[in-house]
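Chains as they are written, first to last, in my numbering: chain A, 1 to 126; chain X, 1001 to 1506; chain D, 2001 to 2425.
Just so you know, not all the hints are guaranteed correct.
Stated by the list, open to error - Calculated Cβ distances over 12 angstroms to all of chain X for the following chain A residues:
{"hint": "1", "residue": "24"}
{"hint": "2", "residue": "31"}
{"hint": "3", "residue": "42"}
{"hint": "4", "residue": "64"}
{"hint": "5", "residue": "102"}
{"hint": "6", "residue": "112"}
{"hint": "7", "residue": "126"}
What the hints assert, rightly or not - Dumping the calculated PhoX-like pairs for lysine-lysine here, alpha-carbon to alpha-carbon at most 25 angstroms:
{"hint": "8", "chain 1": "X", "residue 1": "1107", "chain 2": "X", "residue 2": "1254"}
{"hint": "9", "chain 1": "D", "residue 1": "2066", "chain 2": "D", "residue 2": "2404"}
{"hint": "10", "chain 1": "A", "residue 1": "43", "chain 2": "D", "residue 2": "2066"}
{"hint": "11", "chain 1": "A", "residue 1": "40", "chain 2": "D", "residue 2": "2390"}
{"hint": "12", "chain 1": "X", "residue 1": "1254", "chain 2": "D", "residue 2": "2105"}
{"hint": "13", "chain 1": "A", "residue 1": "40", "chain 2": "A", "residue 2": "81"}
{"hint": "14", "chain 1": "A", "residue 1": "40", "chain 2": "D", "residue 2": "2066"}
These aren't lab readings, by the way, just hints derived from the structure by calculation. A virtual CB, placed ideally from N, CA and C, is assigned to each residue, including glycine.
If you want the building blocks of each chain, they are given just below.
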Amino acid sequence: MTPSISTANYLCIGCPLGCRLEVDTAEEDRIVEIRGFSCKRGKEYAAQEHIDPRRNVALTVGLRGGALPRLPVKTSAAVPKARVLALCAALRDLVIDAPVRVGQVVAVNPLGLGADIVATREMGVG
Amino acid sequence: MLCARRSLRSRGLVARPAPVTMPELLDVVIIGGGVVGCAIARELTRYRLRVCLLEKECDVGFGTSKANSGIIHGGHHSDPRSVKGGLEWEGNQLWDALAADLGFGFKRIGELTIALSEADLPVLENLLSRGRAKGVTGLEMWTAEHVRAAEPNLSQDIIAALHAPTTGVVNPYEACFCLAESAVRNGLDLRTETTVLGLSLADGIWAVDTSGGTLHTRFVLNAAGLFSGDIAALAGAPALAIHPRKGEEYLLDKRLQGHITRVIFPCPSPVSKGILVIPTYDGTLMVGPTAHSVEDPLDLTTSAAGSDEVFSSVQRFAPGICPRDVIAQFAGLRAAADGDDFVIGPTSQKGFINIAGIQSPGLTAAPAIALRVVGLLRDEGLGLAPRDDFAPGLPAPVHFMSLSTEAQIELAERDPRYRRMSCRCEFITEGEILDAIGRGAKTLDGIKFRTRAGMGRCQGGFCAARCMELLARELDIPFTDVTKRGGGSWVAIPRLTGVAQEASHD
Amino acid sequence: MISSKPAHLQGVYDVVVAGGGPAGLGAALAAREAGAERVLVVDREKEAGGILLQCIHAGFGLHHFKEELTGPEYAGRVLREALEHGVDVLSDAYALDVLPDKRIKLMSAEHGVTLIEARAAVLSMGARERTRAAIRIPGARPAGVLTAGFAQRLVNLQGCLPGRRVAILGSGDIGLIMARRLTLEGVEVVGVFELMPYANGLNRNIVQCLRDFDIPLHLSTTVVQVHGRERVEKVTVAPVDDHLKPVLSKAWDVPCDTLLVSIGLIPENELSRQMNLRLDPVTNGPVVNSAMETSRDGVFACGNVVHIHDLVDFVSAEAGLAGRWAGLAAQGRRPPEDNVRLSAGENVGYCVPHSLSTEREHTVYLRVRKPMEQSVIRLSSSDGRFTVDKKVRYVFPAEMINLKVGPRMLQNFHGDALRIDVLPR
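One chain only, chain A, in its complex shape:
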């Protein structure tokens, strides 16, 4: 009996060529074939995107007593793509106090996604 094959499509982000990647999977999402890539990096990207897509997130949090009302921050590591919006929503009302230095952790492992939230700009008391 032939296993039923399903195909997922991805756009490669490695370079401007933008290869249209196809990932064929069989039972239990086992990858059986990757097509459409023009280089090794493209093939690896397709597999990673299919198995565990992750994203770095950059956003702002509120700043109290600073020269500006918002502080830019980022995740210290990539988080699962499916949890990005939930993470942003969870941080929506966060306000921290100036001063802040670059790299300072402003929230520890929110939602347990394995990434801290760190400041990306120095902000003195304003």
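Fit chains X and D to the given chain A structure using the hints.
Below, chains X and D without anything else, positioned relative to chain A:
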């Protein structure tokens, strides 16, 4: 979201709030704060009168006047037998004194009406004799060589042109703001964002119902432009049909400054003055306007067809002008009445006077219209006792970049507001923006049309946030309450808070 | 914010830099490293760093710092570097004019209007966004039509939103970045509309900013009408034909309260125009030689004021060159003369610098007009006697091409003009 009228009032910078208790009897209520209404208002404040000007927008001049070509016509274009024909030349001659009093920019740069074929020549001859009959000075036929020497960037196909040195240019909104500011300083009660809801006459007194309360007055002047037909109907005056006629205009990049130095008219057709090249007072070129009737008096849309029409017709005589240089486009609506003439005069409703149908050359004629209306009021029985404390002038605004370096150093030393460049397309300092707010600007457009900040190449991309911060601070309102031009023209909203609405996204 | 106010302004500087973004800060650092003693950067914002400070996303610095940074991190690093090397950075200030005697008229919140002497100057004022008017979108003129960069400023610096339901015209990277940024803030982004048959932004941004959030990208589609009297109420969009003309019979309405336009950048050359520098009508920036010197001796330029870069890393590289030569010029060392004019040929929008020397190594930056696969970049002399080809797998208008040109490549070339074409293989 209102544009913070209250806060400005409390600082005594604009009109006082509507009276809530004892109704005071006014002498004149003017409906409509366009250039005509403002010119009349200022003229009336020369006398001991209680005058109120009602404007539905959040600033004067924000209707037809703002989208005007800004030309003070030479005086010879309109038929001398018409009302507008007479007022055109009368008005033209009043602008030097007005500009000198109020300090707004006005330059008589002259105009050329051009002939591209032999068939055009009789039309120019007719314009010339019409102008001479009215007494328009300086009209002269130019040869092709003369045109080429004076305007080398015009088409080589031009065979002759009629030169009118009397034609000038102004910033129509600047003139409007200055007229209104001068009137307010001389006692005018200016009420913006105030809509007229009803008009009734009893015992020789008009009750004017507005969105801000009821006013009582002996005279009502209907200068409501596109809406003057509606106002006439509210007053029970004979029907006045106003037909909006749209004109699209395209403003070109500063790069083309000096490319053409006079207002250029194509040879006029029986129905239109045609599409012009206008070196605006600020030096940038503008091309337009189209002329198409529309139904909706709020339809200020521009169109691809309009743009094509403007550029294809202008390129026939100004080949160096192309759509690539457009930095802004807008449309205005002329308030044309039946018969295409001005409608100025009393009506069967005693004390209700129309000043309607003021299409081109309305801006040119406005100062003359104001004088005529004063005369009409006198004829209708309004006593006109001159005030001895009328102040014709206005404090001159600072134009930082036109100061000498020494004067700039001295000013910045004395006044720290002149140490920051807020608009880097038009070089407008923070001090000039604050001055505009002090003189009544409550919105981004209010600042833009008073200072030019936001009018240049970036169209506000850089300075808008800074202007919003200054407006919020000076008017003491939240940043997100600042509007583009009042009403529902909000610019930004507060960021969303809370987690609740996110569940559906996840 | 990184505090950077110099205690007092000196009367004479070796190098004055107009604009404190990555270009200006990089040039100032390079000028110091080249031995210039007194170097001043003039920046209009409260903190130098330029537009990077509002680009809070990551993706900067992979070439220059060998790690991926966010915009504020990149800006912070170049500012720190400049300050640590003794550059004076005057923020909240503006260079009003460069007088013919090279005195510079400054306006500063702290010092008022002053004239300072400069032995050399670097122009690094950056770029501005093209606006709605540049493409003449017909329709009404309500509030709510704004550039993507202005929206970015509102969201990231002011902490407010440009609207609740947003359509985006143009698939430039700033627009794509804002599509994601607004989505993360809970705003509904209804779609991105791109006139061309291909996206103008990086694939990375197509995937991570649009696809991740199921935001539709409509290629070969444009906005044909804006509706709304006070605030945008909807836009009408239509597909375009092969001549990029809208097919109005297939138009549809998109309800939204905001239209962001992301249709490209133009160099900011108010000051260059005032100084009557020679400008390139294609780049809209000053014409520069291989030392990044403009048509006026001692006045150099770098970054987006010269031409629009795709990556800030290349801005930093160019700034290093301009700053170094400005620093040397201030010490009386003129850059060596170029002996070859460079011009853009087939499928080349522009190339920078505008001239080079057969004696030195150069990086020539160019952009193609249309995408092409399996192509060659050809350098040739006007008489056709000299040609040299470099194979490239693909070229793409959104991506700047860096072409290394040096004495070895040009050893058989004996003319004074070279032209660059990008041709199919």
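The hints, checked one at a time:
1. 24: Correct as stated: the minimum Cβ-Cβ distance to chain X is 29 angstroms, above 12 angstroms.
2. 31: Answer for residue 31 of chain A: holds, closest chain X Cβ roughly 27 angstroms.
3. 42: Consistent with the label, residue 42 of chain A stays out of reach of chain X, its closest Cβ about 30 angstroms off (over 12 angstroms).
4. 64: holds, 15 angstroms
5. 102: holds, 23 angstroms
6. 112: holds, 15 angstroms
7. 126: holds, 14 angstroms
8. X/1107 x X/1254: holds, 18 angstroms
9. D/2066 x D/2404: holds, 20 angstroms
10. A/43 x D/2066: holds, 24 angstroms
11. A/40 x D/2390: holds, 23 angstroms
12. X/1254 x D/2105: holds, 22 angstroms
13. A/40 x A/81: With a Cα-Cα distance of about 23 angstroms, the restraint between residue 40 of chain A and residue 81 of chain A holds, given a limit of 25 angstroms.
14. A/40 x D/2066: This hinted pair holds, its Cα atoms lying about 22 angstroms apart.
This entry satisfies every hint, going by the numbered hints stated previously.
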